[in-house]
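J.: Read off the chains here:
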Amino acid sequence: MSIIGLALVLAAAGLLLGLTFIRRKTVPIFRPIPAFTRLKRALGISVEAGTRLHISLGRGGLQTPEAAPGLAGLAMLRYLAEQTSASDEPPVVSSGAADLSILSRDTLQAGYKAAGAEDFYNPATGRLTGLTPFSFAAGAIPIMQDENVSANIFIGHFGPEIALLTDTAERTNSPAVAAAVDPTAQAVIYASVDDPLVGEELFAAGAYSNAGNTHQASLQVQDILRWAIILVLLGGSALKLLGII
Amino acid sequence: MRIVAAFVAIVTGLIVLLGYFVPAGSLLELRLQLVQWAAILAATAVLVGVVSLLGVHWQKISTRQKNSAYSILLIISLVTTFLLGLLGTNNPLISLVLDGIIVPAEATLMALLAVTLIYASVRLLRRRADSMSILFLGIAVVILLMSAPLPIGMFPGADVVKWFINEFFAVAGARGILIGVALGALTTGLRVLFGVDRPYGGK
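Chains U and Z, in that order, are what the protein sequence lines are.
By the numbering used here, the letter at position 220 of the first sequence is numbered 220, and the numbering carries on one by one without gaps.
By the numbering used here, the letter at position 23 of the second sequence is numbered 23, and the numbering carries on one by one without gaps.
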């Protein structure tokens, strides 16, 4: 099994590098995802109205198997920090894992620096709100209620506690864009958010926010590998049906 | 400094990844050692996070922001729990805090979650009245009816219907989603490993 895993990782790495550096004749076109359109609109409103964005990265610490959604959230945060650095109110980030919280500060600072507005960076905008699922949610709710938040972005590892956050977003009339990898949280998001991001759409955030060629290549690699897995599954089923395996 | 940070992160990531696929010899030992160091760093990060949390709430109190009374409560609770924790995890006082305050408070939020979810489900059709929403709600109602202890007892064939929905549609859908998520996680990890995404060192 580890050989198959290693082969998959190497194939993905090769494809990612190849598709990143290959000279493209056409720009890849991705299907429109309403949540990202809403996000860009919310971003514009936030800067113009002098309100702030609340970005919640969930509670997937880097040492846990749920680290990847947190890293995808950080990539998104990098873009959002740069875009909103001109706003009167800086975005505020909540997380439920200490390492993620420290990285969120670093990412915010990098975004401000890239936008030439490092002086406006405030370390207090990257916060650890709690270390258990509900304490994390309970700590994030006051941010949404009291800190002039006009839109919320929940992107990372969440459990069912995300319902408390989406409910608060609705009560405070601030739109929410939400994505999670946990199936329970996805069901909750589907029921409580206007434009939910389902499954791997969470990892598309970078490509949809023009974060660079590698992010676009990542999506293409995912598509290629997905088709490969579909073919393997169908082939395996057919062979099993025929009694060959 | 940035280059050094990226170099350390990439080399560490590669060692841990290779150590996972070749779990033998010095590579395995090195991987375990690095993971152990990461655990120590993560514990230190918790301390940093708690100090930062204290700083944020202290600022809220000192600038008399809205609802700063909650911040006072938070600081008092945090300091008290910390001091009690110093007495040892087996101390009856810390057990009292855990069993008498933290566990019931989290259970209350869990109960609140149930109400919140029902409310969200009721509003779903107003928010997005399409065929998928109707299917989503329909399945949820069917599963609820098949699972709930009703005055008339269980519906005839409830177990079979529940099993069929769970084992075929729910499991198949969840696996499909999880395969997509795994592929997304793989490419995200590779981007970090290649140093393209660097959520550290200020890039």
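Since the hints were made in silico from the structure, they are not lab data.
Careful: at least some of the hints might be erroneous.
[Stated by the list, open to error] Here are some chain U residues pointing at chain Z (derived, C-beta under 10 Å):
1. Val-9
2. Gln-63
3. Ala-68
4. Leu-77
5. Leu-100
6. Ala-115
7. Gly-116
8. Gly-139
9. Glu-161
10. Asp-194
11. Ala-211
12. Ala-238
[What the hints assert, rightly or not] Computed list of lysine to aspartate or glutamate pairs in EDC-like fashion (alpha-carbon distance at most 20 Å, straight line):
13. Z:Lys-66 - U:Glu-147
14. U:Lys-40 - U:Asp-119
15. Z:Lys-66 - U:Glu-89
16. Z:Lys-66 - U:Asp-146
17. U:Lys-40 - U:Asp-195
18. U:Lys-40 - U:Glu-82
Where a beta carbon is used, it is the ideal one built from N, C-alpha and C, also for glycine.
J.: Straight-line Cα separation of Lys-66 (chain Z) and Glu-147 (chain U) no greater than 20 Å?
T.: Between Lys-66 (chain Z) and Glu-147 (chain U) the Cα gap is close to 9 Å, so the pair holds against 20 Å.
J.: Taking the least C-beta to C-beta distance, is Ala-68 (chain U) closer than 10 Å to chain Z?
T.: 3 Å, holds
J.: Return the status of the interface hint for Ala-238 (chain U): holds when the least beta-carbon distance to chain Z is below 10 Å, violated otherwise.
T.: 17 Å, violated
J.: For Lys-40 (chain U) and Glu-82 (chain U), compute the direct alpha-carbon distance and say whether it is at most 20 Å.
T.: 13 Å, holds
J.: Would you check whether Gly-116 (chain U) satisfies its interface hint, that is, whether its CB is within less than 10 Å of any CB in chain Z?
T.: 14 Å, violated
J.: Would the stated hint for Asp-194 (chain U) survive a check requiring a Cβ distance to chain Z of less than 10 Å?
T.: Holds, about 6 Å.
J.: Quick check on the hint: Gly-139 (chain U) CB to chain Z CB, less than 10 Å?
T.: Interface hint status for Gly-139 (chain U): holds (8 Å vs cutoff 10 Å).
J.: Between Lys-66 (chain Z) and Glu-89 (chain U), is the straight-line Cα distance small enough, at 20 Å or below?
T.: Distance of about 17 Å is within 20 Å: holds.
J.: Hey, does the Leu-77 (chain U) contact hint survive, CB to chain Z under 10 Å?
T.: 8 Å, holds
J.: Min Cβ distance, Ala-211 (chain U) to chain Z: is it shorter than 10 Å?
T.: 8 Å, holds
J.: Do the numbers back the hint for Leu-100 (chain U), that is, is its least Cβ distance to chain Z under 10 Å?
T.: 9 Å, holds
J.: Hint validation: Glu-161 (chain U) versus chain Z, beta carbon distance must be below 10 Å. Holds or violated?
T.: Check passed: Cβ of Glu-161 (chain U) comes within 7 Å of chain Z, closer than 10 Å.
Checked against the numbered hints above, the structure breaks hints 6, 7, 12 and 14 and satisfies the rest.
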